[in-house]
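Chains as they are written, first to last, in the numbering used here: chain A, 1 to 220; chain B, 1 to 220; chain C, 1 to 220; chain D, 1 to 220.
Because the hints were derived from the structure by calculation, they are not lab data. Treat the hints loosely; a few may be bogus.
Claimed, not checked - Cβ pair distances, simulated, as ranges:
hint, chain 1, residue 1, chain 2, residue 2, range
1, D, Leu139, B, Lys203, 26 to 32 angstroms
2, C, Gly141, D, Gly123, 49 to 55 angstroms
3, C, Gly184, D, Asn37, 56 to 62 angstroms
4, C, Thr201, D, Asp192, 41 to 47 angstroms
5, D, Leu139, C, Glu57, 43 to 49 angstroms
6, D, Gly123, C, Glu57, 35 to 41 angstroms
7, B, Ala216, C, Leu139, 49 to 55 angstroms
Virtual Cβ for every residue (Gly too), placed ideally from N, Cα, C.
4 protein chains.
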Amino acid sequence: MIDESYNAVKSDFITALRIIYREGLSDAFAHLSARSNDGNEMMFMPRKSPALVQRDELFFVDLDRPVPQSALHQAIYKTRADVKAVFHFHSPAVVLLSVVGQSIRPMHNYSAIFYQGVPLYTGTGQVESPARAGEMAKLLGDAKALMLRGHGAVVVGQSIREVCMLALFLEESARLLTEAMRIGTPMFMERDEAEKISKRTFKPTSVERAWEHFAAKCTE
Amino acid sequence: MIDESYNAVKSDFITALRIIYREGLSDAFAHLSARSNDGNEMMFMPRKSPALVQRDELFFVDLDRPVPQSALHQAIYKTRADVKAVFHFHSPAVVLLSVVGQSIRPMHNYSAIFYQGVPLYTGTGQVESPARAGEMAKLLGDAKALMLRGHGAVVVGQSIREVCMLALFLEESARLLTEAMRIGTPMFMERDEAEKISKRTFKPTSVERAWEHFAAKCTE
Amino acid sequence: MIDESYNAVKSDFITALRIIYREGLSDAFAHLSARSNDGNEMMFMPRKSPALVQRDELFFVDLDRPVPQSALHQAIYKTRADVKAVFHFHSPAVVLLSVVGQSIRPMHNYSAIFYQGVPLYTGTGQVESPARAGEMAKLLGDAKALMLRGHGAVVVGQSIREVCMLALFLEESARLLTEAMRIGTPMFMERDEAEKISKRTFKPTSVERAWEHFAAKCTE
Amino acid sequence: MIDESYNAVKSDFITALRIIYREGLSDAFAHLSARSNDGNEMMFMPRKSPALVQRDELFFVDLDRPVPQSALHQAIYKTRADVKAVFHFHSPAVVLLSVVGQSIRPMHNYSAIFYQGVPLYTGTGQVESPARAGEMAKLLGDAKALMLRGHGAVVVGQSIREVCMLALFLEESARLLTEAMRIGTPMFMERDEAEKISKRTFKPTSVERAWEHFAAKCTE
Numbered sequence: 001m002i003d004e005s006y007n008a009v010k011s012d013f014i015t016a017l018r019i020i021y022r023e024g025l026s027d028a029f030a031h032l033s034a035r036s037n038d039g040n041e042m043m044f045m046p047r048k049s050p051a052l053v054q055r056d057e058l059f060f061v062d063l064d065r066p067v068p069q070s071a072l073h074q075a076i077y078k079t080r081a082d083v084k085a086v087f088h089f090h091s092p093a094v095v096l097l098s099v100v101g102q103s104i105r106p107m108h109n110y111s112a113i114f115y116q117g118v119p120l121y122t123g124t125g126q127v128e129s130p131a132r133a134g135e136m137a138k139l140l141g142d143a144k145a146l147m148l149r150g151h152g153a154v155v156v157g158q159s160i161r162e163v164c165m166l167a168l169f170l171e172e173s174a175r176l177l178t179e180a181m182r183i184g185t186p187m188f189m190e191r192d193e194a195e196k197i198s199k200r201t202f203k204p205t206s207v208e209r210a211w212e213h214f215a216a217k218c219t220e
Numbered sequence: 001m002i003d004e005s006y007n008a009v010k011s012d013f014i015t016a017l018r019i020i021y022r023e024g025l026s027d028a029f030a031h032l033s034a035r036s037n038d039g040n041e042m043m044f045m046p047r048k049s050p051a052l053v054q055r056d057e058l059f060f061v062d063l064d065r066p067v068p069q070s071a072l073h074q075a076i077y078k079t080r081a082d083v084k085a086v087f088h089f090h091s092p093a094v095v096l097l098s099v100v101g102q103s104i105r106p107m108h109n110y111s112a113i114f115y116q117g118v119p120l121y122t123g124t125g126q127v128e129s130p131a132r133a134g135e136m137a138k139l140l141g142d143a144k145a146l147m148l149r150g151h152g153a154v155v156v157g158q159s160i161r162e163v164c165m166l167a168l169f170l171e172e173s174a175r176l177l178t179e180a181m182r183i184g185t186p187m188f189m190e191r192d193e194a195e196k197i198s199k200r201t202f203k204p205t206s207v208e209r210a211w212e213h214f215a216a217k218c219t220e
Numbered sequence: 001m002i003d004e005s006y007n008a009v010k011s012d013f014i015t016a017l018r019i020i021y022r023e024g025l026s027d028a029f030a031h032l033s034a035r036s037n038d039g040n041e042m043m044f045m046p047r048k049s050p051a052l053v054q055r056d057e058l059f060f061v062d063l064d065r066p067v068p069q070s071a072l073h074q075a076i077y078k079t080r081a082d083v084k085a086v087f088h089f090h091s092p093a094v095v096l097l098s099v100v101g102q103s104i105r106p107m108h109n110y111s112a113i114f115y116q117g118v119p120l121y122t123g124t125g126q127v128e129s130p131a132r133a134g135e136m137a138k139l140l141g142d143a144k145a146l147m148l149r150g151h152g153a154v155v156v157g158q159s160i161r162e163v164c165m166l167a168l169f170l171e172e173s174a175r176l177l178t179e180a181m182r183i184g185t186p187m188f189m190e191r192d193e194a195e196k197i198s199k200r201t202f203k204p205t206s207v208e209r210a211w212e213h214f215a216a217k218c219t220e
Numbered sequence: 001m002i003d004e005s006y007n008a009v010k011s012d013f014i015t016a017l018r019i020i021y022r023e024g025l026s027d028a029f030a031h032l033s034a035r036s037n038d039g040n041e042m043m044f045m046p047r048k049s050p051a052l053v054q055r056d057e058l059f060f061v062d063l064d065r066p067v068p069q070s071a072l073h074q075a076i077y078k079t080r081a082d083v084k085a086v087f088h089f090h091s092p093a094v095v096l097l098s099v100v101g102q103s104i105r106p107m108h109n110y111s112a113i114f115y116q117g118v119p120l121y122t123g124t125g126q127v128e129s130p131a132r133a134g135e136m137a138k139l140l141g142d143a144k145a146l147m148l149r150g151h152g153a154v155v156v157g158q159s160i161r162e163v164c165m166l167a168l169f170l171e172e173s174a175r176l177l178t179e180a181m182r183i184g185t186p187m188f189m190e191r192d193e194a195e196k197i198s199k200r201t202f203k204p205t206s207v208e209r210a211w212e213h214f215a216a217k218c219t220e
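One chain only, chain A, in its complex shape (with noise of 0.2 angstroms):
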């Protein structure tokens, strides 16, 4: 199944692997996930550091086979037909957010382009089960970000430059809240100002222009 044609798939799914890492967003545990062209299948990757999974190492599951950390993949590319690529990490701001019961508002640049709102799965611990997986997708609904508490997050989008950015982003919107909250009572958006804001910096060109400085940083 991976043929000449995931060449550039693979390529962008090892450099958002490296990006994650670099960026402080993962140490080594992190998987991301890609559908493929046909939709039934999702390319994923072993049981390795973000740092240190190989090109050659990728692989293709079926969306019903279980492989170690397939099931919350698995369960969003089900429900969300729109979603390309998926990515789950535990990264420190969100992590720290997410054990105050707290999540994501729009207060910035950044912030703004989850406007849709950030659930909070509030259970403890890991995936566990495909029930649970599916539980966790539902409560995605059309969002582009979950957290789960004292756990992480999961990202999704159109493309593995999306989801890398809108993990880099998800992050970021989190340092700042849990930062704001400390010193004083944060200036929230309205949804529908944040909504605008997203739509005139959330755009192809603007994820391209960040995913060439992240990828660039990491051949320093």
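Based on these hints, arrange chains B, C and D on the given structure of chain A.
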């Protein structure tokens, strides 16, 4: 319009972008400009990361022709005849301070440089239009810096080197204030004390010393 | 006593010291030890920075002969027959948590690993004497870690790799808790929830995955 | 006056500047000095970044002749016959602690070293004049360090290596205290406990161990 007489300006332009990136004041998004010798145009940069823009990509634009991201720069050059360079960026502590509705006040050597005050534009969103850019330029008044809620800041000065240092000092001042607000009641300075310190410490020789330091770090 | 059968242990010993340094858990002061195969001695390091100790400087010492910094290690090996490696270090968040009289409680995947609790020794000062080391070993009980007020922590485990990861996870857990205490009331886990998560996530394969990740960073 | 007998001192002088820069205690501004062998002069540095000053730029100045930034150093050498080296710097946590009107108190191994207390000079602004430098030297008394509100600190000791380590330990102590103030009531030590710890841990051998560690980092 870009000829040999701009060689030194172009070098400083690129170095300033690298400093801002290296010091953590920008990711892929920040825009610098410098007024042309005849005063009627500005040297500007394409829509690329400050870490990646190349010298031969710089271009001149007059103060009325709209190009992407140019409106705020143009509005300031038209309002402030004394200004030779403008830097617009979205650094973490500046954004943080802005979303709790506060601005810089003099507390230490660097914040004293902003003794004229740093107005905070409390509207949300992007610059969006020349009219809005004009409002922002008006709010800047005769100050050295303006903060934009949930967005970032703009600093103005006599040279690229000066605005680059002002950007670093503004972020450092915002960081100090947000930290101090968490642990007690900061001891602010009176305006005249701050002005006196600024006149002793923020001189061309100290801008040169700081520039030499930060420029050297970029080539490490 | 150091012969070829210890080649792998010596390699892990040096790598663990480099990881601890590289991840910011030590400056010049931290001490690792590993129990000998016959159980009656421990491999130890000279009084040098973890960043600088060399493989051929490692030595064995029996569990009664005092050498600098050895008392706490020896007391633990004598009290805890199950322990094969001990790490004593002074990482920033652990010290911070200790000076406000708090200790780790399970909140997320990593802190759940310490579901047995992490006792806090509230006396001030150094280990100083075998008698004091004995008190500390007694307070450790059957836990994986002990915190020392204004001083640091000690972690114990089945191998050098395991104690190295426990040190990283303890510091990360302390960092998360100190951050969470600033912004709200953390949602802790019950002990049985934490134990369940620990048993799912803190397995030899995940220790290996994490070790591979952090060891690779040291050679970047 | 600079002859071969100062070769080792000059090497330590430059290494100390690089350490201070590398550890984040200075940007372009910080000044070190060392008393001459006959006691009547001090080795000093030009107005350049600690990251950039070169060995052959060091010079001697007597204790009465004013050169830029020399007044505080000279006043201390005249007041404190025991002092062989002085370091003046503007590190982030020290500045932060100073602007909320607090100073270091013993809480952990490093802060215990400052058991004599660290006076805080609450006037604003620069040293400005020999008279003001004299006031500051008087306030220092027999302590190891003095903090200057909104400005920085000065540390004094028996050698360049000792003041370099004291600078690192002062900043680390300030960082710990500012963090602890945010999350609870720090458990301070009594002066006699702190003095006892200091006498056990802050010895020439431990200064050497720490110096070796930090000096090695500068050549990585």
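Do the hints match the structure? See the list:
Judged by the Cβ atoms, the range 26 to 32 angstroms given for D/Leu139 and B/Lys203 holds: they are separated by roughly 28 angstroms. At roughly 53 angstroms, the beta-carbon separation of C/Gly141 and D/Gly123 lies within the given 49 to 55 angstroms, and the hint holds. In this structure the supplied range 56 to 62 angstroms holds for C/Gly184 paired with D/Asn37, their Cβ-Cβ distance being about 59 angstroms. For the pair C/Thr201 and D/Asp192, the supplied restraint of 41 to 47 angstroms holds, since their beta-carbon distance comes to about 46 angstroms.
Distance hint for D/Leu139 and C/Glu57: a CB-CB separation of about 45 angstroms, consistent with the stated range 43 to 49 angstroms. Take D/Gly123 and C/Glu57: their Cβ atoms lie about 50 angstroms apart, and the range 35 to 41 angstroms is violated. For the pair B/Ala216 and C/Leu139, the supplied restraint of 49 to 55 angstroms holds, since their beta-carbon distance comes to about 50 angstroms.
The structure is inconsistent with hint 6 alone, although it conforms to all the rest.
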